[in-house]
Amino acid sequence: MKNSTMLRMQVGEAFDWLDQVIAGLTPEQYSWQPDGSANPISKLHAHTLSSADFWMNLMGLQKPMLWMGVSQKLGLPSNFIEVWQTEATINLSDMQEYAKSLREASAAIDALDDAALERELTAPVFGRRDVGFVLRLAGMQMAIHTGEISAAKGLQGLQGLPF
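Sequential numbering from 1 applies to the sequence shown in this note's numbering.
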């Protein structure tokens with residue numbers, strides 16, 4: 001199996017887990033604000049997707065982030081890092097549509113050869129890394145935050161992960 005195929009599969013499986021965990025949430029559950037400094041699922045979900053978009057599209061594939069169009073359409077901050085401070089409503093169906101578009105964009109990973117995956121770049125926070133690293137990070141970012149979303153569901157008495 002090609003390295004790029006394996007990376008695309010990893011990202012796709014991270015989307016699968018995330019989709020399963022957020023499926024069926026009501027608007028109230030999706031936007032519920034836990035006590036303390038924890039974040040609502042809506043902001044976690046928007047952050048998870050926009051971060052994956054950053055690592056996959058902008059850094060890895062050298063394409064524009066889909067977030068720019070999404071944020072303009074939905075009245076969310078154009079700087080995806082500012083999603084934590086927004087008071088705007090984040091709707092599950094809008095984020096699911098965004099996730100679908102990101103999943104479709106991930107097909108471009110398959111076209112990368114090993115030389116493209118080994119190309120070095122400067123990754124914010126991580127310094128000099130290769131394209132393969134930032135694409136793995138996109139999938140890992142989704143997996144990490146899917147666990148966080150599962151915990152937020154558990155705080156509401158809901159089942160988090162599907163098992």
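Treat the hints loosely; a few may be bogus.
Keeping only pairs whose Cα atoms sit at most 27 Å apart, straight-line, the calculated DSS-like set for lysine-lysine is [as the list claims (entries may be wrong)]:
id: 1; residue 1: K100; residue 2: K2
id: 2; residue 1: K153; residue 2: K100
id: 3; residue 1: K100; residue 2: K73
Each pair of labels, with its calculated beta carbon distance range [claimed, not checked]:
id: 4; residue 1: D16; residue 2: Q62; range: 38 to 44 Å
id: 5; residue 1: M9; residue 2: R129; range: 17 to 23 Å
id: 6; residue 1: A115; residue 2: A23; range: 24 to 30 Å
id: 7; residue 1: M9; residue 2: P162; range: 32 to 38 Å
id: 8; residue 1: G12; residue 2: A115; range: 21 to 27 Å
id: 9; residue 1: K100; residue 2: G157; range: 26 to 32 Å
id: 10; residue 1: A111; residue 2: S37; range: 39 to 45 Å
id: 11; residue 1: M1; residue 2: M140; range: 15 to 21 Å
id: 12; residue 1: E118; residue 2: S93; range: 36 to 42 Å
Honestly, the hints are just simulated from the structure, not real lab data. Remember, predicted model here, so these are calculated numbers, not experimental data. We put the beta carbon where it would ideally sit given N, CA and C, even for glycine.
These are the hints, each one checked on the structure:
no. : hint                       : in the structure
1   : K100 with K2               : holds, 24 Å
2   : K153 with K100             : holds, 22 Å
3   : K100 with K73              : holds, 16 Å
4   : D16 with Q62: 38 to 44 Å   : violated, 25 Å
5   : M9 with R129: 17 to 23 Å   : holds, 21 Å
6   : A115 with A23: 24 to 30 Å  : violated, 38 Å
7   : M9 with P162: 32 to 38 Å   : violated, 19 Å
8   : G12 with A115: 21 to 27 Å  : holds, 23 Å
9   : K100 with G157: 26 to 32 Å : holds, 29 Å
10  : A111 with S37: 39 to 45 Å  : holds, 41 Å
11  : M1 with M140: 15 to 21 Å   : holds, 19 Å
12  : E118 with S93: 36 to 42 Å  : holds, 39 Å
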